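*Asks:* Fit chain B to the supplied structure of chain A, relying on the hints for placement.
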Amino acid sequence: MIVATIAFYIFAGVAIAAGFMVIAARNPVHSVLFLILAFFNAAGLFVLMGAEFLAMILIIVYVGAVAVLFLFVVMMLDIDFAELREGFLQYMPIGALIGLIVLLELLLVAGTWTLAPEVASLAASPIPPMADVTNAEAIGQVMYTQYVYFFQAAGMVLLVAMIGAIVLTLRKKPDAQRQSIPDQVARTAETAVELKKVEPGQGL
Amino acid sequence: METALAMPDLGPALAEIILAVGAMALLMLGVFRGDGSSRAVSIGSIALLIVAAFAVISQPDERVLTFGGAFVMDGFAIVMKCLVLAGSAIAIVMAQSFMARENIDRFEFPVLILLATLGMIMMVSANGLIALYMGLELQSLALYVVASFHRDNTRSTEAGLKYFVLGALASGMLLYGSSLIYGFSGTTNFDVLAGVIAMNGMSTGLIFGLVFLMAGLAFKISAVPFHMWTPDVYEGAPTPVTAFFAAAPKIAAMALFLRVMYGGFADAVFQWQQVVVFISIASMVLGAFAAIGQTNIKRLMAYSSIGHMGFALVGLAAGTPEGVKGVVIYLTIYLIMNAGVFCCILAMRHKEGPVEEISDLAGLSQNQPMLAAVFAMLMFSLAGIPPLAGFFAKFYVFLAAINAGLYALAIIGVLASVVGAFYYLRVVKIIYFDDPAPAFAGPMGSEIRAVLAVSALFTLLFILYPTPVLKMAEGAANSLVPTVEAAEAPAAAAESAH
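Residue numbers (my numbering), protein chains in the order written: chain A, 1 to 204; chain B, 1 to 498.
Below, in silico cross-link-like pairs of lysine-lysine (DSBU-like), each with a Cα-Cα straight-line distance of 35 Å or less:
1) A/Lys173 to A/Lys196
2) B/Lys351 to A/Lys172
3) B/Lys162 to A/Lys173
4) B/Lys162 to B/Lys429
5) B/Lys162 to A/Lys172
6) B/Lys351 to B/Lys429
7) B/Lys351 to A/Lys173
8) B/Lys162 to B/Lys351
Taking CB as the label site, the calculated pair distances span:
9) A/Asp132 to B/Val51: 44 to 50 Å
10) A/Val102 to B/Leu470: 42 to 48 Å
11) B/Tyr465 to A/Val61: 53 to 59 Å
12) A/Gly95 to B/Leu161: 19 to 25 Å
13) B/Val414 to A/Phe20: 48 to 54 Å
Derived by calculation from the structure, the hints in this document are not laboratory data. These figures come from a predicted structure and were not determined experimentally. A virtual CB, placed ideally from N, CA and C, is assigned to each residue, including glycine.
Only chain A is shown next, with the shape it has when bound in the complex (with noise of 0.2 Å):
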C-alpha cells in the first residue's frame, strides 16, 4: 500500500509541476513537452486508480494526436511570444485578484463540503467490482445503450467539426498539381514523348 502512495504523490506532484511549467515556460516547444508530461502523469494516477483503459485512451488521444499537433502548431506558426506576454505585468493584478477569490471560494466549498448518504447511492453508474468486469468492457456495457444518446450527439458534434474546417480552408487553386488517374492512363508514346530534330551545332 504504501508504494501505491508513494506513486500517488510522485505522479501528482509531477502533474501539478508540470502543469505550472506548461504556463511558465519561456519557449513555446518546451511548454508543450511539459504538457506531454503532466499528461503521462495523469495517465499514471489513473493507473493507480484502477481505470487502465482511460490511462491508455489519455496516452493515445492526448499525446499521441493532441499534444503533438501542438507541437506542430507551435513550430509552424510564426507567433512572437514575446510580444503576445507584454501585457502580462498590466493585467497581473487584476489576474491575482481574480485567482485569489475563486481560491477562497474554492476553500469556502472543500471546507463546507457534505456529501449527504444517500447521494453516493444516487451515482448515475457506479463503478462496477473490478475483479467480475475489465475497464474496457465497464465502459462498453453503458455507451451503446445507456450513452448511444450523448455517443451519437457527439458524433454529430464531430461531423460539425468536420464540415467548419474544410468550410473555413478548403480553397480550390487552379493552378495546383492534381493527379487525374484517367489522364495518365490515356495517355500514349505519341502524346508522351516529343521528337525533335536537333540541328548540329544549334541545341534546342
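*Replies:* Positioned in the frame of chain A, the structure of chain B alone reads:
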C-alpha cells in the same frame, strides 16, 4: 447489467433523428453535386425543417422520457422546438439572395444551420447535464463556423474567432459548474437532481456549481455581464447570419435556461432568483444605454437583443408558471419582430454592396415609403409601444414580475424600456425627418418581401387575435412547471432502482 438493455424509445426524438439523417443526406447531395447545388440544398433544408416541425407537433402533449431519462419531450418542448425550427427556416429563406450576391452561397451554409438547429432542439429537450452540454456544443460549434462564413472578409473571420474563443471560455465555465453539481448531488439527471435538492437542500457546493452553470447559459443568451461578444459578432457576421443569431439560438438557450431552473433547481428558487434578477436588470439597463451611441444598425440590434433578453429574463425571475408563460410569449413575438427588422436591414444596400450605417437610412420615407413605414412600425414595436405586438410581450413579463412581488425589477424594467425607446425612435426620426441619403439599390427579393409581410402583419394585428399565442404559451408553461411538483416521483423511482 449482464442482460442486453432494451432499445430506447426513439419516438420522442423523431424530429432530432429526421434532422440528423436529413442533414447528412443533404450534405452528401451537396458534396456530390458540387458547386451550384446550394439552392437545391437550401430548399431541401427548409423542407426538412418543416417535416421536423410536423414531427414535433405530432408528439403527445404529456411528458415522455427516453434514452435513460436524458431526453424529455413535453408540451413546453413542442412549443419551443417549433419556434426554433421556424427561426432557422426563416434564416435560410432570408439568406438566399444575400449569399448569392456576396458570392458565398455554398451548400454547407444550410447544412450547418440544420446541424445548429439539431443542437438547439436537443438543448430544448435536455433533461440532464450531459445532454445539455452536448446540445449546446453542437449548436455553438456550428454557429462559430457560420459566423466566419464570409471567410475572405476580415470582420467576418474576426467575428467567428472572437465568438469561438469566448464561447469556449463560457463552455469551460459551464462544464466546471456541471462537474461541481454532479460532484455534490451524485447525478446528472435533472429529475433526480430536483429530488436530491428537495431532500437535502442546496449545499454551498451546489450553489457554486449553479452559479457557474448560469454563467455559461447567460453567455449563450448574451446577458450582461457575459455580453461582450455580441456587438462584434453581430457586426462582423454576414447579415442573414446575424438575423439567425438574434433569433433561434437565443430561444433555444432561453428554453434551456428555463428547463434547468424549473427542472433541476425548482426547489432552489431563492438561490437562483437573485442571480437572474441581477443579470436581468444589468441586461436591460446596459442594452438601453449602450445602444444610444451606436452608428451601425447591426451593433444597434446587438444591444437591442441584449436588452430584450433582459426583459425575457424578467419572466424567468418571477419563478412562477405565469413568468414562464410571459417568457414564451416574449420569445415568440421577439422572433417575429426580429425577422422583420433584419429583412429591412437586408434591403439596405447600394450597388457596391450592403451598407450598415444608421445614417444611410436617412430620408428612406421619400425613397421607399412602404419599406420606411414597415421599418418604423417594427421599431415602435421593438420599443414596446402599444398597440403593437412588442408592447404585449413586455406587458406579460412585467405582469408576472409584479404578481410575483418583484416590484423593483418591474419598475427598473419599465424605465429601461423608456430609455430604450429613445434609440428606436431615433431610427424612426432619421428615416422620416432627415435629408435623404442615396436611395438603396434594386428591389428586395420576393422571399424577403414575404417574410417581411408576415412579420409586419403579425406585429400589427397581434392585438386583434392574440388568443393562439397566449394559449400556446400557457400550455407550454403548464407543462414545464407541474413537472416540478411531480419531480419527487421519478427521483424516488431512480433511487429504488439502485
